[in-house]
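2 protein chains.
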Amino acid sequence: MRKESSKKRSILMLSIHGDPATKIGSEEQGGQPIYIKDICRLLSRHYNIDVFTRLKSRSEEEQVKLFPNVNVVRIKAGPVEFVPKEKIYLYLNEFFMNTVRWIEKNNKKYSLVHSHYWYSGSVALKLKDHFEIPMVHNFHSLGRVKYEVLNENKPDFADMRLLEEEMILKRANAIIASTPQEVKNILDLYDVTGENIELIRTGVDKRLFRPIAEEIAIKETGLNFKNIVLFVGRITKAKGLRILVKAIARVKNKFNEEMKLVVIGGDVSGVMHSEEESREKKRLRRLIKKLDLEEDVIFLGPVERERLPYYYSIADVCVVPSLYESFGLVAVEAMSCGTPVIASKVGGLTHTVRDGYSGLHFLPGRADHLAKAILKLITDAEKMDEIGINARLRAARQFGLEKTVKQIKDLYDLLLF
Amino acid sequence: MRKESSKKRSILMLSIHGDPATKIGSEEQGGQPIYIKDICRLLSRHYNIDVFTRLKSRSEEEQVKLFPNVNVVRIKAGPVEFVPKEKIYLYLNEFFMNTVRWIEKNNKKYSLVHSHYWYSGSVALKLKDHFEIPMVHNFHSLGRVKYEVLNENKPDFADMRLLEEEMILKRANAIIASTPQEVKNILDLYDVTGENIELIRTGVDKRLFRPIAEEIAIKETGLNFKNIVLFVGRITKAKGLRILVKAIARVKNKFNEEMKLVVIGGDVSGVMHSEEESREKKRLRRLIKKLDLEEDVIFLGPVERERLPYYYSIADVCVVPSLYESFGLVAVEAMSCGTPVIASKVGGLTHTVRDGYSGLHFLPGRADHLAKAILKLITDAEKMDEIGINARLRAARQFGLEKTVKQIKDLYDLLLF
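Respectively, the protein sequence lines represent chains A and B.
Taken in order, the first sequence gives residues 39 to 455; the numbers are from my numbering.
Taken in order, the second sequence gives residues 39 to 455; the numbers are from my numbering.
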């Protein structure tokens, strides 16, 4: 018997505008409900969790069991219908009041409130005070980044949002930042010391990045070729795409089957390095022309993260030819889809990819070495399968969502005394 | 029998210019060897650790046992004598070479190298490549912050340092940042994405922040008064010192014993908020004069962190009257010294201090409430003792070095596959 099963603590998870029990993709849901669903699934080994969200339709049930120990509770706030995200702020007070009522009516006791996005954070501050429980918050998106850095149009509630975010930053017991960049943004753009910030990265979710059956991947990607070499990354010199193109030219000379290099063009957010990217793209076009590879390289541009698994799965090998790389997320995503990775032996890639076990290494900058590695893999189906399985195992164990959830659990346990 | 005891992994810890086996304070050692000694002590439950440092004297032993499973290995590099920190860069290649020789001669196998400060980071990069092991790095200090932000004089090796730091940031498998500010500095000042940054705070060390016997604390602080109320923090409005002064005036009216308010003036680094601080100090002086408390308030100015435990220990109560506070490190430090804390019920303080258990709360901004809490504590010795013990327990369990080391262990385990 598991020691803790008899007296699990209960967590009040708050996701007012993103219902993790709704079919993902059915509305403007984004990554937030996916993240919540993922962490709840794994956290439910240790806690009971109720996720409070807004009731959007008369046909929705008030309570849904998402997983064992995880329920979604839908609270009336504003009209019982779909409300655009920009209007939900009007109903936050009602949401708070009806949440407290529901909790009291059902005699629930929560030990901690964990909120997502500023809407929920704003309500969580009140729940924290009302029930005297600690509060953990994920921003998912920061108002000041939206309005000041990205210069987006300010909606009606912009000023309120910024004030609320400042309060959340000051009063939450812990703020979970998902990237170092988010830590930096908070310190740059808000008047806070950040003493309560915890850096907990979103792990690669092996349920999103998973091997997908060939016929489905062909249908979704439209890529139907015998051999596919995949590159995913920003088009900059440091990412080494030119080296890969040169290697492909060499492989072509010794390999008679059909083979395409598919290039997914990097930074989906599209903010950074755009000038450098367009210069580098020109250089690449010239090189491809010179090497007579115009038929063999397919530039797809950016692809949404949620659709990447189709591309990783259809690829026979994913190449990460970076001249340097501190971690190498692309390698891990590919590995998680069971795709063998050939990576330059540099920086974090020396660790994420284990030569001969979960992928192959080549010397950075050396197109001849890379060509050899590609040939070695695409001509040995058995080795490729073996490496693919190892890759998937390694990604799941070392870089998975499990790590994220372990860090969240450690944080909860620290706050629950 | 502990499962892992039979086959512990070995860690190569690298601290070229700070020998954790030398008496702390004997040279220009700073916090680095203290940190290393602390984490090694706790990490040695899980790993064997050899700390490599530079041999500084013929009378030093080549190997010293620091703790069970933790050895200090002294490597010859440059003259066997004290060398100022600014000159040690001259001997890094020799250090690398002799370290490799020592390791090979002694048939040692290390699974991971963990380096401290750029000197060691620079050598660790070579050890990482030579032995093909992952690398973790703590900067402790960043060149660009020193030269560009703080505008310090550049030593001879400044350019080399910046280049090496950039390489370390790019090639280490993980960079441990100790504060959110360090994360921000790295992203602001270096051309890196920070994918490998882990935020692992230095926990409050209960061996530094511990109760100190009264006679020693009196001798060290020179404070010999019957009742001492302590304030530690920056002198800004948000820290609420004015509220505390008003509360002291009220307490004085109802309390006939000798009592002093001791103010330790905050930011030892002294960079931030100096203008605001001097304005606030003027306001305070006026208030103290008006309330006729000039004999009762002692301003000590900043005190070195290493000496704070004497002040916490001599205090009967430590007051944290902040108007807001995201975490409340002062409260935790005081608690760790067994000193009851009276804190405003706001932000992180609502969590760090548990009302009636490990301290008392009062409503933020309310001098009358605070006065009542102070009176309640200083007139009830028994309650004060009980709360002091609880405070110490809570600090050790929840905010201790143990958390830091647990995070470092998790990081090691992630890298050791």
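To be clear, the hints were calculated from the coordinates, so they are not data collected in a lab.
What you are looking at is a predicted structure, and each value in this text was computed from that prediction instead of being measured.
Certain hints may be false.
Just so you know, same-sequence chains aren't split out, so a pair can sit in one copy or run between any two.
Restricting the straight-line Cα-Cα distance to at most 25 Å, the calculated cross-link-like pairs of lysine-lysine (PhoX-like) are [to be verified]:
#1 298 to 319
#2 164 to 383
#3 441 to 414
#4 192 to 284
#5 447 to 275
#6 447 to 319
#7 147 to 383
#8 94 to 328
#9 383 to 284
Going through the hints against the structure:
In this assembly of identical chains, the alpha carbons of residue 298 and residue 319 lie at most 25 Å apart only when taken from the same copy (18 Å versus 71 Å across copies). For a Cα distance limit of 25 Å, the shortest separation of residue 164 from residue 383 across copies, 14 Å, qualifies, whereas the shortest one inside one copy, 51 Å, does not. For the identical chains of this complex, residue 441 and residue 414 are neighbours neither inside a copy (33 Å) nor across copies (46 Å), given an alpha-carbon limit of 25 Å. When the C-alpha separation of residue 192 and residue 284 is checked against a cutoff of 25 Å, the pair qualifies neither within a copy, at 47 Å, nor between copies, at 43 Å.
Neither within a single protomer nor between protomers do residue 447 and residue 275 lie at most 25 Å apart by alpha-carbon distance, with minima of 40 Å and 36 Å respectively. Within a single copy, residue 447 and residue 319 get their C-alpha atoms no closer than 44 Å, and across copies no closer than 43 Å, so neither meets the 25 Å cut-off. Taking the shortest alpha-carbon separations for residue 147 and residue 383, only the inter-copy value of 22 Å comes in at or below 25 Å, while the best intra-copy value is 52 Å. In this assembly of identical chains, residue 94 and residue 328 lie within 25 Å of each other by CA distance neither inside one copy nor across copies; the values are 58 Å within and 60 Å between.
Proximity of residue 383 and residue 284 under a CA criterion of 25 Å is satisfied intra-copy only: 18 Å inside one chain copy versus 64 Å between copies.
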